[in-house]
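In order, the protein sequences belong to chains A and B. The first sequence runs 1219 to 1521 under the working numbering. The second sequence runs 1219 to 1521 under the working numbering.
These aren't lab readings, by the way, just hints derived from the structure by calculation. The model shown is predicted, which means the values in this text are computed figures rather than measured ones. Any given hint could turn out to be false.
One copy or any two copies: either way a pair holds, since identical chains are not told apart in the list.
[What the hints assert, rightly or not] Heads up, simulated DMTMM-like pairs for lysine to aspartate or glutamate below, C-alpha to C-alpha not over 25 Å straight-line:
hint, residue 1, residue 2
1, Lys1240, Asp1250
2, Lys1514, Glu1482
3, Lys1233, Glu1299
4, Lys1431, Glu1352
5, Lys1501, Glu1465
There are 2 protein chains.
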Amino acid sequence: MSKLVECVPNFSEGKSIEVIDKIVAEIVAIPDVKLTDKQMNADHNRAVITFVGPPEACKQAAFNACKCAMKLIDLRTHKGEHPRMGATDVIPFIPISDVTMEECVELSRSLAKEIAEKLNIPTYLYEESAATPERKDLAYIRKGEFEGLQKSVKTDPLRKPDFGPSELHPSAGATVVGARHYLVAYNINLNTNNLDIAKAIAKAIRFRDGGFKYVKALGFEIKERGIVQVSINLTNYTGTPIFRVFEAVVREAERYGVSVTGSEVVGVLPLQAMVDVANWYLKLENFSANQILEKKIWGGENE
Amino acid sequence: MSKLVECVPNFSEGKSIEVIDKIVAEIVAIPDVKLTDKQMNADHNRAVITFVGPPEACKQAAFNACKCAMKLIDLRTHKGEHPRMGATDVIPFIPISDVTMEECVELSRSLAKEIAEKLNIPTYLYEESAATPERKDLAYIRKGEFEGLQKSVKTDPLRKPDFGPSELHPSAGATVVGARHYLVAYNINLNTNNLDIAKAIAKAIRFRDGGFKYVKALGFEIKERGIVQVSINLTNYTGTPIFRVFEAVVREAERYGVSVTGSEVVGVLPLQAMVDVANWYLKLENFSANQILEKKIWGGENE
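If we strip away everything but chain A, and leave its shape as in the complex, we get:
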């Protein structure tokens, strides 16, 4: 089966379409790499590009994009609401299909090393690739942003990059690279307009307040429908599967005499996340995503 990773680099440019189009051109020039999303935010002055492909191809695309951004984006004149420390601010790799998290960690380390060596941009490893527990957290690494880091990276040993010089690149700053899990955005709707119930259920299931390890959740009103919603970010759908969260919300809602009327997947999600749902409810024995006909065909397997 063909290996597939997702890469979602964030660039510190949210206004100039020409700049972002030049960066995107570097990405789509790599064979087998497919662009799946491109978001620009002028207030944040930041762009988020999503692409998917075989691991090595994605690494090459990310490197070329980072090199291009170094030439076109100057942090010394950059202003925006979103915190940032580099022209290419952060590059996460996400395992999608037939790739382990370990392989993505290795990929991110190898890219971080290459950026540091070839472009002379200091790089930090975060999330699953982090060398210390604190550096798992992007906000911790980025504290002080471009301006603050210029001094502290030279003087504070805790701010020393994982690769490259202990000095920011004059215009491109520093870049954070790492591997993380796919994030599933998932909402569950309740047949009530009582926001307190949605908030109480969100609190019951989220990690922060004692709930599931990989759940972030909030309660919202959906005014136009006269209902409330438990809005969920699942930061690791393998560790905390969709069906388990759904069943927990159904049970919590019951306690208030309320029903779940529906749920929504926002955007796309990996095939395995859906297969896990069917697998659990049908009590499947020995089922594999490779039994999905389209995966057999499109995934490149042939006899």
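Please arrange chain B on chain A, whose structure you already have, making use of the hints.
Only chain B this time, still in chain A's reference frame:
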């Protein structure tokens, strides 16, 4: 999204690997067509080839395979346990992804016409493509087999082919072409060794005895595990979805104080069949298989 159909031609040769390999070579020579299975049975003296691809490519592959089989297989000397009437005995087309049943019916009619006109082999339309209710049934069309049809096709107006001459091809006989639904083979296991219970549940859910329209089912013993199994053929997973059959079996088993311990999908199944399961249990709103990341990537969509 890219259109995908499956084609499963049956050829009257189950012993000579060379003959079948020549036929397969014709199929895989067509761009974008992928071979997914090849089964030969010497007792049946029959081969079943499965391939998948865009509709027109699959039609071309099926025509070339049929032409090749006409040259290499002679029904006058063919013997085997499985009923047959042609060198290429039957060619079903099955919609897999982003293709309607109507498109597959049209594809099968067009192929049946081409085989009749270019190869002078009479063709019959069956299943969803049939012109009359009786001809939906392959066994009805094939009654008397190659030997019996040689006479009746000339004399009995009910046996007249849909396309081509009212006379069998001297060596290649006649070919049945049509469109049908994907067949899902699905088994449900019970925590009892009482075969009567599996048989009673199979009877309750199958069409023949008043059950679901698209269910064929039997009860079996799985001796090595000391359990029984309801073995199901789902002839249309859209009309009678997997989850509905599963839930019905769970409920019927309860009536005997028995539990469902697991279920098995035999072989492969289309993505949509799995999405339908997740969709139902999670009460998804507006979910589409196009939200599966791999489909977005492998299905050929790009921005």
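Going down the list of hints, with the structure as the test:
no., hint, in the structure
1, Lys1240 - Asp1250, "within (18 Å within a copy, 32 Å between copies)"
2, Lys1514 - Glu1482, "between (27 Å within a copy, 18 Å between copies)"
3, Lys1233 - Glu1299, "within (13 Å within a copy, 72 Å between copies)"
4, Lys1431 - Glu1352, "within (18 Å within a copy, 59 Å between copies)"
5, Lys1501 - Glu1465, "both (15 Å within a copy, 11 Å between copies)"
Of the numbered hints stated above, none is contradicted by the structure.
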